[in-house]
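The listed protein sequences derive, respectively, from chains A and Z.
Quick note on the UniProt record's numbering: the first sequence kicks off at 1 and runs consecutively.
Quick note on the UniProt record's numbering: the second sequence kicks off at 1 and runs consecutively.
Note that these hints are calculated values from the structure, not bench results.
None of these values were measured; they are calculated from a predicted model.
Note that CB positions come from ideal geometry on N, CA and C, so glycine has one too.
Hints may contain errors.
Estimated spans, in silico, between C-beta atoms of each pair [claimed, not checked]:
| hint | chain 1 | residue 1 | chain 2 | residue 2 | range |
| --- | --- | --- | --- | --- | --- |
| 1 | A | Asp4 | Z | Asp121 | 44 to 50 Å |
| 2 | A | Asp118 | Z | Ala129 | 45 to 51 Å |
| 3 | Z | Asp103 | A | Arg14 | 24 to 30 Å |
| 4 | Z | Ala24 | A | Gln226 | 43 to 49 Å |
Short, incomplete list of chain A residues facing chain Z, as computed with Cβ under 8 Å [claimed, not checked]:
| hint | residue |
| --- | --- |
| 5 | Ala26 |
| 6 | Leu86 |
| 7 | Ala87 |
| 8 | Ser106 |
| 9 | Ser109 |
| 10 | Gly127 |
| 11 | Lys160 |
| 12 | Arg191 |
| 13 | Tyr195 |
| 14 | His198 |
| 15 | Gly201 |
| 16 | Val204 |
| 17 | His207 |
The residues making up each chain are set out below.
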Amino acid sequence: MLRDHLISAAHLSRDDIEAVLDHAAAIDADPEIVHGRHAGRVLALCFFEPSTRTKMSFETAMKRLGGDTVDMGAVESSSVKKGESLADTVRVIEGYADALVLRHPSEGSAKLASEFVDVPLVNAGDGAGQHPSQTLLDLYTIRENAGLDDITVGIMGDLKYGRTVHSLAHALTEFDVRQHFISPESLRLPRNVRYDLHEAGAQVREHTDLDEVLPELDVLYVTRIQRERFPEEREYREVAGEYRIDNEVLASAPDDLSVMHPLPRVDEIAPEVDETTRAKYFDQAHNGVPVRMALLDGLLGGEA
Amino acid sequence: MSDTDKELRVSKIRDGTVIDHVTAGQALNVLAILGIDGSGGESVSVGMNVPSDKLGLKDVVKVEGRELSQSEVDVLSLIAPEATINIIREFDVIEKNRVERTDSVTGILVCPNHNCITNADEPVRTEFAVLDDGVRCSYCGTMVREGDVAEHIDTRGSGETDL
Ligand SMILES: [Zn+2]
Chain A
1 MLRDHLISAA
11 HLSRDDIEAV
21 LDHAAAIDAD
31 PEIVHGRHAG
41 RVLALCFFEP
51 STRTKMSFET
61 AMKRLGGDTV
71 DMGAVESSSV
81 KKGESLADTV
91 RVIEGYADAL
101 VLRHPSEGSA
111 KLASEFVDVP
121 LVNAGDGAGQ
131 HPSQTLLDLY
141 TIRENAGLDD
151 ITVGIMGDLK
161 YGRTVHSLAH
171 ALTEFDVRQH
181 FISPESLRLP
191 RNVRYDLHEA
201 GAQVREHTDL
211 DEVLPELDVL
221 YVTRIQRERF
231 PEEREYREVA
241 GEYRIDNEVL
251 ASAPDDLSVM
261 HPLPRVDEIA
271 PEVDETTRAK
281 YFDQAHNGVP
291 VRMALLDGLL
301 GGEA
Chain Z
1 MSDTDKELRV
11 SKIRDGTVID
21 HVTAGQALNV
31 LAILGIDGSG
41 GESVSVGMNV
51 PSDKLGLKDV
61 VKVEGRELSQ
71 SEVDVLSLIA
81 PEATINIIRE
91 FDVIEKNRVE
101 RTDSVTGILV
111 CPNHNCITNA
121 DEPVRTEFAV
131 LDDGVRCSYC
141 GTMVREGDVA
151 EHIDTRGSGE
161 TDL
């Protein structure tokens with residue numbers, strides 16, 4: 001099991017991933033196995049940008065392990081606002097807690113913070129960089145629905161700035177997965193991620209049109225294209241419209257396609273898809289708790 | 001007669017460093033790596049496009065009273081892979097080293113990603129992994145091609161980023 005920091009999905013081996021997913025499955029089946037295991041221990045939540053979902057998921061996971069959480073609160077009311085460095089902030093908070101969860105708007109912030117603390121630190125999103133705990137729950141969901149070997153996964157939307165996409169793509173190279181990336185040209189995968197996938201020997205193809213690959217997919221992972229990525233409203237509307245899915249778009253997809261989304265969604269998946277068996281995004285969100293319980297249990301040294 | 005001998009006869013220095021066999025056109029970038037812009041008062045002489053048996057044309061940089069740190073040598077190896085570093089004491093070359101490509105370089109280079117944590121006001125030196133065709137920020141993953149490395153040398157005064 002992991003005993004160190006979790007900064008990037010690129011650092012996770014197949015064994016690391018499977019250990020967390022297996023443990024998460026065991027917890028999911030019987031939460032009693034970890035009941036009260038981390039009583040008296042404290043997880044610090046350091047969120048330098050708002051995220052209700054990820055924060056609540058970590059908070060729930062820690063409480064279900066018997067532990068407690070302390071929350072840095074909003075940046076506006078903290079010493080960060082007064083110009084304190086991230087390095088100083090985490091060194092102070094380390095003294096209050098047994099582990100840290102960090103969300104920060106700058107790429108590389110989690111790596112930097114981890115260099116200043118001795119307790120385990122989990123990267124819960126560093127700018128457009130990485131979001132590895134999200135990846136673990138994504139992999140858990142993929143494994144439950146399609147398995148993780150000999151499958152074809154399509155990842156669509158904002159591939160340039162989407163940190164969940166970067167983390168997932170890295171992690172999928174550890175498995176026998178064909179990866180297809182579907183996005184407008186301006187939001188394709190960044191060069192460094194393409195380089196890593198190539199180095200890892202992954203089977204990767206890029207497309208601008210979902211129809212080209214939809215019939216082959218076992219999993220379609222949709223992400224939001226954000227308004228602020230485009231200089232003009234009109235351009236945004238045009239592009240976003242092309243990467244929106246509903247039951248009509250999905251007509252040519254296999255019946256057992258799993259549609260995933262890291263949520264929150266705006267309108268990139270029509271609500272009518274929710275009612276179909278293809279919709280896995282709410283299960284995916286719920287999986288965040290057992291997966292983060294398994295992750296924290298490992299990082300806090302809870303394995304018997 | 002070697003390139004260095006020819007050069008040293010032109011303008012000898014007493015104590016310091018001669019960086020020879022610098023890729024032609026890179027002399028000013030070498031000065032940038034060393035954090036030398038003249039304001040520090042160092043005595044510096046630069047030869048550009050000097051005929052060389054080995055390279056055709058080369059640049060040469062001579063700095064009085066200054067030796068190079070490991071970080072400076074590491075970055076030098078990226079922009080002038082053929083360079084030799086001659087340490088001079090009392091007009092004699094007492095040590096001569098080739099630059100060697102390393103696995104990573106710390107300090108001196110600046111990450112081109114403005115949103116990288118190394119560009120925030122944090123107590124950290126930049127670190128780049130050296131790849132076959134360039135370097136890559138160890139913090140945010142941004143890559144810089146070999147030919148573009150010189151554009152990302154820290155020019156905020158000293159070559160070393162202050163801690
Ligand atoms: Zn960087």
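Cross-check of the supplied hints:
Here the CB-CB span from Asp4 (chain A) to Asp121 (chain Z) is close to 27 Å, at odds with the stated 44 to 50 Å. Range check, Asp118 (chain A) to Ala129 (chain Z): Cβ separation about 25 Å, and the 45 to 51 Å hint is violated. The hint said 24 to 30 Å for the Cβ distance between Asp103 (chain Z) and Arg14 (chain A), and at roughly 25 Å that hint holds. Take Ala24 (chain Z) and Gln226 (chain A): their Cβ atoms lie about 46 Å apart, and the range 43 to 49 Å holds.
A least Cβ separation of about 34 Å between Ala26 (chain A) and chain Z goes past the 8 Å threshold, and the interface hint is therefore violated. Look at Leu86 (chain A): its Cβ gets to within about 6 Å of chain Z, closer than 8 Å, so that hint holds up. The closest approach between the C-beta of Ala87 (chain A) and any C-beta of chain Z is roughly 5 Å, which is under the 8 Å cut-off, so the hint is satisfied. A least Cβ separation of about 4 Å between Ser106 (chain A) and chain Z falls short of the 8 Å threshold, and the interface hint therefore holds.
A cut of 8 Å between beta carbons decides the hint on Ser109 (chain A): the least distance to chain Z is about 5 Å, and the hint holds. Annotation: interface hint on Gly127 (chain A) holds; nearest CB of chain Z at approximately 5 Å, less than 8 Å. Among the interface hints, the one on Lys160 (chain A) is violated; its C-beta lies about 13 Å from the nearest C-beta in chain Z, farther than the 8 Å criterion. At a threshold of 8 Å, the smallest CB-CB gap from Arg191 (chain A) to chain Z is about 6 Å, leaving the interface hint in force.
Annotation: Tyr195 (chain A) was flagged as interfacial toward chain Z, and the flag holds, the nearest CB pair being 7 Å apart, inside 8 Å. For His198 (chain A), the suggested interface contact is broken, since its CB lies about 12 Å from the closest CB of chain Z, more than 8 Å. A least Cβ separation of about 16 Å between Gly201 (chain A) and chain Z goes past the 8 Å threshold, and the interface hint is therefore violated. Interface restraint check for Val204 (chain A): the shortest CB-CB distance to chain Z comes to about 17 Å, outside 8 Å, so the restraint is violated.
With a least beta-carbon distance of about 23 Å to chain Z, the hint placing His207 (chain A) at the interface is violated under the 8 Å criterion.
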